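Peer 1: With these hints in hand, go ahead and build the complete structure from the sequences.
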Amino acid sequence: MRVLGIETSCDETGVGVFDGDRGLLAHAVYSQVEIHAEYGGVVPELASRDHVRKTLPLIRQVLREVGLPKESIDGVAFTAGPGLIGALLVGAAVGRALAWAWGVPAIGIHHMEGHLLAPMLETPAPTFPFVALLVSGGHTQLLEAAAIGRYRLLGESLDDAAGEAFDKTAKILGLPYPGGPALARLAEHGDPQRYRFPRPMTDRPGLDFSFSGLKTFTLNTLQRETARTHDPARTRADIARAFEEAVVDTLVIKCRRALRQCANRRLVVAGGVGANRRLRARLDAMAAQEDAEVFYPRPEFCTDNGAMIAYAGWQRLRAGQAEPLAFKPRSRWPMEELPPV
1 MRVLGIETSC DETGVGVFDG DRGLLAHAVY SQVEIHAEYG GVVPELASRD HVRKTLPLIR
61 QVLREVGLPK ESIDGVAFTA GPGLIGALLV GAAVGRALAW AWGVPAIGIH HMEGHLLAPM
121 LETPAPTFPF VALLVSGGHT QLLEAAAIGR YRLLGESLDD AAGEAFDKTA KILGLPYPGG
181 PALARLAEHG DPQRYRFPRP MTDRPGLDFS FSGLKTFTLN TLQRETARTH DPARTRADIA
241 RAFEEAVVDT LVIKCRRALR QCANRRLVVA GGVGANRRLR ARLDAMAAQE DAEVFYPRPE
301 FCTDNGAMIA YAGWQRLRAG QAEPLAFKPR SRWPMEELPP V
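So the sequence shown is numbered by our numbering: it starts at 1 and just counts up by one.
These are calculated hints, taken from the structure and not from any lab test.
Since no wrong hints were added, every one of them can be taken at face value.
List of simulated lysine-lysine pairs, PhoX-like, C-alpha gap at most 20 Å:
hint	residue 1	residue 2
1	168	215
2	171	215
3	70	54
The structure displayed is predicted, hence computed values, not measured ones.
Peer 2: In structure tokens:
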């Protein structure tokens with residue numbers, strides 16, 4: 001089975017084609033960063049309008065790159081949620097309409113399940129069961145995955161997601177959009193010994209997260225230190241480093257707890273923050289201490305993309321699951337509601 005995947009949940013238009021025999025044939029992503037940079041964050045209406053402009057041309061581009069006629073597509077997968085409802089409607093409408101016109105089945109994919117399965121596009125690929133850390137701008141969750149569609153939520157952020165905290169803290173530090181990568185770059189030049197930020201909710205049992213207090217701590221530190229420093233650029237870099245260290249340590253501590261709690265030796269890390277180099281280094285070190293393995297997608301598959309949607313769609317379509325002609329994108333969608341494969 002050869003599946004076309006379409007991703008339009010937020011501010012990136014992604015298209016991919018996955019073949020059950022040959023693997024990923026092609027994928028392409030169009031980012032709306034320049035559109036939203038002027039506003040310092042994603043403007044939902046602008047995101048939806050740009051998906052309208054870019055989705056069909058991107059599909060044509062990907063099919064042309066691999067020399068595939070539309071008749072060679074056996075199924076269409078589209079992101080059905082969670083995400084910005086207007087953006088989701090664009091990809092869902094295009095995907096469902098193409099499937100109907102081509103006479104092939106269609107399936108709506110959970111955006112975070114796409115991220116969860118993205119490491120399976122790599123070699124070696126993780127096998128079930130495993131613990132998964134899904135960490136992005138909109139989600140920070142720890143899950144136990146027994147099989148596709150059999151997920152148990154272990155913990156999640158009670159307020160800001162880790163990626164959201166990165167972006168908001170970057171704005172506090174006066175960094176450009178997108179803030180998360182800019183903060184990580186600035187932190188590379190910071191002194192890890194100068195400041196010590198709290199590791200929220202690590203002094204109590206459980207696997208939930210909270211990152212909103214770190215933003216306030218960062219703001220208070222910046223205001224206090226700016227008034228007394230003779231090197232504001234150095235101070236900002238040191239504060240960025242302290243913030244990143246706090247988030248990374250918190251994620252690593254909770255991942256270690258989850259592995260021990262589930263008596264599991266495999267950890268999957270996915271989502272945009274999963275591309276953070278310091279996080280990967282710390283998780284690798286923790287896994288070595290725990291005699292565990294960590295699996296990541298390549299950096300280009302950490303952010304939103306059509307390849308992961310095509311792969312998740314292939315898994316579900318080949319199991320006989322498909323959507324009726326009517327479709328219903330969802331801005332909120334608990335992963336535990338997904339049917340097993």
